[in-house]
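Line by line, the protein sequences are chains A and B. My numbering numbers the first residue of the first sequence as 3 and each following residue consecutively. My numbering numbers the first residue of the second sequence as 3 and each following residue consecutively.
Just so you know, these hints were derived from the structure itself, not from any lab. Certain hints may be false.
Stated by the list, open to error - List of simulated lysine to aspartate or glutamate pairs, EDC-like, C-alpha gap at most 20 Å:
#1 Lys-197(B) <-> Asp-227(B)
#2 Lys-229(A) <-> Asp-202(A)
#3 Lys-221(A) <-> Glu-113(A)
#4 Lys-119(A) <-> Glu-54(B)
#5 Lys-221(A) <-> Asp-8(B)
#6 Lys-6(B) <-> Asp-212(A)
#7 Lys-190(B) <-> Asp-180(B)
#8 Lys-109(B) <-> Glu-175(B)
#9 Lys-46(B) <-> Glu-148(A)
#10 Lys-19(A) <-> Glu-175(B)
#11 Lys-172(A) <-> Asp-81(A)
#12 Lys-140(B) <-> Asp-227(B)
#13 Lys-55(B) <-> Glu-148(A)
#14 Lys-159(A) <-> Glu-54(B)
#15 Lys-119(A) <-> Glu-148(A)
#16 Lys-216(A) <-> Asp-202(A)
#17 Lys-190(B) <-> Glu-172(B)
#18 Lys-62(B) <-> Asp-40(B)
#19 Lys-119(A) <-> Asp-8(B)
#20 Lys-22(A) <-> Asp-105(B)
#21 Lys-216(A) <-> Glu-7(B)
#22 Lys-46(B) <-> Glu-158(A)
#23 Lys-19(A) <-> Asp-180(B)
#24 Lys-117(A) <-> Asp-8(B)
#25 Lys-221(A) <-> Glu-207(A)
#26 Lys-6(B) <-> Glu-163(A)
#27 Lys-46(B) <-> Asp-311(A)
#28 Lys-22(A) <-> Asp-8(B)
#29 Lys-216(A) <-> Glu-113(A)
#30 Lys-22(A) <-> Asp-180(B)
#31 Lys-6(B) <-> Glu-207(A)
#32 Lys-216(A) <-> Asp-8(B)
#33 Lys-221(A) <-> Glu-7(B)
#34 Lys-229(A) <-> Asp-311(A)
#35 Lys-19(A) <-> Asp-105(B)
#36 Lys-190(B) <-> Glu-175(B)
Unchecked claim - Here are some, though not all, of the chain A residues that point toward chain B, as calculated from beta-carbon distances under 8 Å:
#37 Tyr-24
#38 Gly-34
#39 Tyr-37
#40 Pro-66
Even glycine gets a Cβ: it sits at the ideal position worked out from N, Cα and C.
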Amino acid sequence: MSKSSIAKKGSSTLNRKRFKRYIPVYLLMFPGLLYLFINNYMPLPGLIVAFKQYNARKGIYGSPWAGLSNFAYLFQTNDAWLITRNTILYNVAFIIINTVLAITVAILLSEMWGKVKNFYQSAILLPHLISSVIIGYLVFAFFSVENGFVNNFILEKLGIEAISWYSEPKYWPFIIVFVSSWKAIGYNCIIYLSTLLGFDRSFYESAMIDGATKWQQIKYITLPLLKPTVIMLTLMAVGRIFYSDFGLFYQVPMNQGALYPTTQTIDTYVYRGLLQLGNISMSAAAGVYQSIIGFAMILGANMLVRKLDKESALW
Amino acid sequence: MKTKEDIRFNVIGHIVMAILTFNALIPIVLMIISSLTDNAALMKNGYSFFPEKLSLYAYKWIFAFNGGMVIRAYGISFFITIVGTVISVLLTIGLAYGLSKRDLPGKGFFTFYVVFTMLFNGGLVPTYINYTNVFHLKDTIFALIIPNLLMNAFNVLLMKSYFVSGVPYEIIEAAYIDGATEFQTLSKVVTPLAKPIIATVAMFAGISYWNDWNNGYIYLVQRTDLFSIQNLLNRLMQNINALTQNASDIANANSGLAEIPSVTVRMAIATLGILPIIVVYPFVQKSFVKGITLGGVKG
Chain A
3 MSKSSIAKKG SSTLNRKRFK RYIPVYLLMF PGLLYLFINN YMPLPGLIVA FKQYNARKGI
63 YGSPWAGLSN FAYLFQTNDA WLITRNTILY NVAFIIINTV LAITVAILLS EMWGKVKNFY
123 QSAILLPHLI SSVIIGYLVF AFFSVENGFV NNFILEKLGI EAISWYSEPK YWPFIIVFVS
183 SWKAIGYNCI IYLSTLLGFD RSFYESAMID GATKWQQIKY ITLPLLKPTV IMLTLMAVGR
243 IFYSDFGLFY QVPMNQGALY PTTQTIDTYV YRGLLQLGNI SMSAAAGVYQ SIIGFAMILG
303 ANMLVRKLDK ESALW
Chain B
3 MKTKEDIRFN VIGHIVMAIL TFNALIPIVL MIISSLTDNA ALMKNGYSFF PEKLSLYAYK
63 WIFAFNGGMV IRAYGISFFI TIVGTVISVL LTIGLAYGLS KRDLPGKGFF TFYVVFTMLF
123 NGGLVPTYIN YTNVFHLKDT IFALIIPNLL MNAFNVLLMK SYFVSGVPYE IIEAAYIDGA
183 TEFQTLSKVV TPLAKPIIAT VAMFAGISYW NDWNNGYIYL VQRTDLFSIQ NLLNRLMQNI
243 NALTQNASDI ANANSGLAEI PSVTVRMAIA TLGILPIIVV YPFVQKSFVK GITLGGVKG
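Bound conformation, chain A alone (with noise of 0.2 Å):
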């Protein structure tokens, strides 16, 4: 026998060994991994379910064929122009705006001293813990038509009429990007403060002995060195540049049909065929467009970065 036979041999029985060895641990992760199953790679064959003529009597399988009239259907009418269009749009206004501001409270944060930097840095942070559907509530204490605080006091006081917010889809879009950086400000810039704080500080001592100016530190210290950090959260927000914060689209604007021009987003769309239209073979037709192009942007994303750093890459 040659040596590397019994080398092999030899690795072999330690496998087993090591596998039985790992048998409890194989049952600590069982019901993990049987959830995942259940929730996400149960569902997945029901993909098919867009290339059929759904029927909920003869159930996914049983269901015609059709083909990819429903894809074609969809990509015929307005919406799917519609619904990338904001989904993308959005997320591009959300990427841009949101990070210019994390990044510029990360930088107030970290030159501030005394304790009420904590205190605004919970205050900030609050607006993401509370749901979607109360957000839509808040807002709609300001914007509603009768007694809103905007039509009654803003507006009133400066002698403009009172806008019938909930009718006229111009306004939505400010709305809604307001809405995002003030639920995502807090979150965002708690990773760019925690990476601030990492930085050498001796850079800064340095920069000051020649006199540099609290901008210049910013501009030649502090932002070169976020650069790797921005790009990284950039890539990673483009990855998932067709999905949509389904809460935010949907509460916030009450569900209102007027404002479907400007509010409809790929998530809200897949949503309201299945459960308000009950058309489930057009619902699942976008869902599929959904998960397949994102699947390929999220891998293409993963890709640059793990170019870039392959410590942040996702896998």
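Keeping the supplied structure of chain A fixed, place chain B upon it in accordance with the hints.
Chain B in isolation, oriented as in the chain A frame:
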């Protein structure tokens, strides 16, 4: 040493942060004040920070007169949050512990199995069909606990990386050599060392259960008695929308709820919906921040 410039920078910082803090809190303040406003005054003057007349009527309505449905929904919210969080933490610990083992046979496969769920999913429609047709979760309390919320890959990976970096391998090996079973090692050695991350994951899970309205909206069709507080708030708002859009829809919109409570009562229910979070927040804020930092770029 604080230079003049530092001070100027700080002043600007305090001004900006004060504005943002104000901004973050003011809608919540408006909500609480409206819940304490007299309904007639609110209808007349609109939502206001300085109402003409205060009243505890909304809270009396909930606790003394008609609030059975609100209190019940509140109880269900607490129930699903507690049960869901406990199960979620146990599942996450078990799976993360296995994935943290250096030489676990099949580790690569299991890691991929977990990560893949973050990259690709069937989406709403297949998930809905799966839970309703195969598991018959529709109109059961399980519908509020099981779909999507019970465990997620992100928390598993978060905990796994803490186990790898925060629990020294030597200690686990030593426990094994001393004859501890895997279960003993996990419960007596690893878990105590991983308390911070367990607290973080528990909080992430707890908040997503408390705030969830989606599952109830999708899966609770007839059993409105199983509504959580978020589902109740959602339904109230839908009813109001239905009323304003189409008066003939009243009967339809009202299904499950006898009457539509006044604006102040709605604001009081929403206040109750935020209350537990505001109460718990100061205590958990630190581990929350820690969790976000740990999740960091991988978020």
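Taking the hints in turn, this is what the structure says about them:
1. Lys-197(B) <-> Asp-227(B): 36 Å, violated
2. Lys-229(A) <-> Asp-202(A): The hint holds at about 15 Å.
3. Lys-221(A) <-> Glu-113(A): 14 Å, holds
4. Lys-119(A) <-> Glu-54(B): Outside the cut-off at roughly 35 Å; violated.
5. Lys-221(A) <-> Asp-8(B): 16 Å, holds
6. Lys-6(B) <-> Asp-212(A): Measuring from Cα to Cα gives roughly 16 Å; hence the hint holds.
7. Lys-190(B) <-> Asp-180(B): Holds - the C-alpha atoms of Asp-180(B) and Lys-190(B) are around 13 Å apart, at most 20 Å.
8. Lys-109(B) <-> Glu-175(B): Holds. Lys-109(B) to Glu-175(B) sits at ~18 Å (cutoff 20 Å).
9. Lys-46(B) <-> Glu-148(A): Cα-Cα ~9 Å, so holds.
10. Lys-19(A) <-> Glu-175(B): Cα-Cα ~16 Å, so holds.
11. Lys-172(A) <-> Asp-81(A): 18 Å, holds
12. Lys-140(B) <-> Asp-227(B): It holds: about 13 Å lies between the C-alpha atoms, which stays within 20 Å.
13. Lys-55(B) <-> Glu-148(A): Holds: Lys-55(B) and Glu-148(A) sit about 19 Å apart, inside 20 Å.
14. Lys-159(A) <-> Glu-54(B): Roughly 18 Å separates the two Cα atoms, so the pair holds.
15. Lys-119(A) <-> Glu-148(A): 38 Å, violated
16. Lys-216(A) <-> Asp-202(A): Satisfied, since the Cα-Cα distance of roughly 16 Å is no more than 20 Å.
17. Lys-190(B) <-> Glu-172(B): Given that 20 Å is the threshold and the Cα spacing comes to 15 Å, the pair holds.
18. Lys-62(B) <-> Asp-40(B): At roughly 12 Å apart (the allowed maximum being 20 Å), Asp-40(B) and Lys-62(B) satisfy the hint.
19. Lys-119(A) <-> Asp-8(B): 15 Å, holds
20. Lys-22(A) <-> Asp-105(B): With Cα atoms ~12 Å apart, Lys-22(A) and Asp-105(B) stay inside 20 Å; holds.
21. Lys-216(A) <-> Glu-7(B): Answer holds: Lys-216(A) to Glu-7(B) is near 7 Å, not above 20 Å.
22. Lys-46(B) <-> Glu-158(A): 14 Å, holds
23. Lys-19(A) <-> Asp-180(B): This hinted pair holds, its Cα atoms lying about 18 Å apart.
24. Lys-117(A) <-> Asp-8(B): 17 Å, holds
25. Lys-221(A) <-> Glu-207(A): 15 Å, holds
26. Lys-6(B) <-> Glu-163(A): 47 Å, violated
27. Lys-46(B) <-> Asp-311(A): 59 Å, violated
28. Lys-22(A) <-> Asp-8(B): Distance of about 63 Å is beyond 20 Å: violated.
29. Lys-216(A) <-> Glu-113(A): 10 Å, holds
30. Lys-22(A) <-> Asp-180(B): Satisfied, since the Cα-Cα distance of roughly 18 Å is no more than 20 Å.
31. Lys-6(B) <-> Glu-207(A): Between Lys-6(B) and Glu-207(A) the Cα gap is close to 16 Å, so the pair holds against 20 Å.
32. Lys-216(A) <-> Asp-8(B): 8 Å, holds
33. Lys-221(A) <-> Glu-7(B): 16 Å, holds
34. Lys-229(A) <-> Asp-311(A): With a Cα-Cα distance of about 12 Å, the restraint between Lys-229(A) and Asp-311(A) holds, given a limit of 20 Å.
35. Lys-19(A) <-> Asp-105(B): Cα-Cα ~12 Å, so holds.
36. Lys-190(B) <-> Glu-175(B): 14 Å, holds
37. Tyr-24: Since the shortest Cβ distance to chain B is 6 Å, the answer is holds.
38. Gly-34: 3 Å, holds
39. Tyr-37: At about 5 Å, which falls below the 8 Å cut-off, the nearest Cβ of chain B leaves the hint on Tyr-37(A) intact, so it holds.
40. Pro-66: 16 Å, violated
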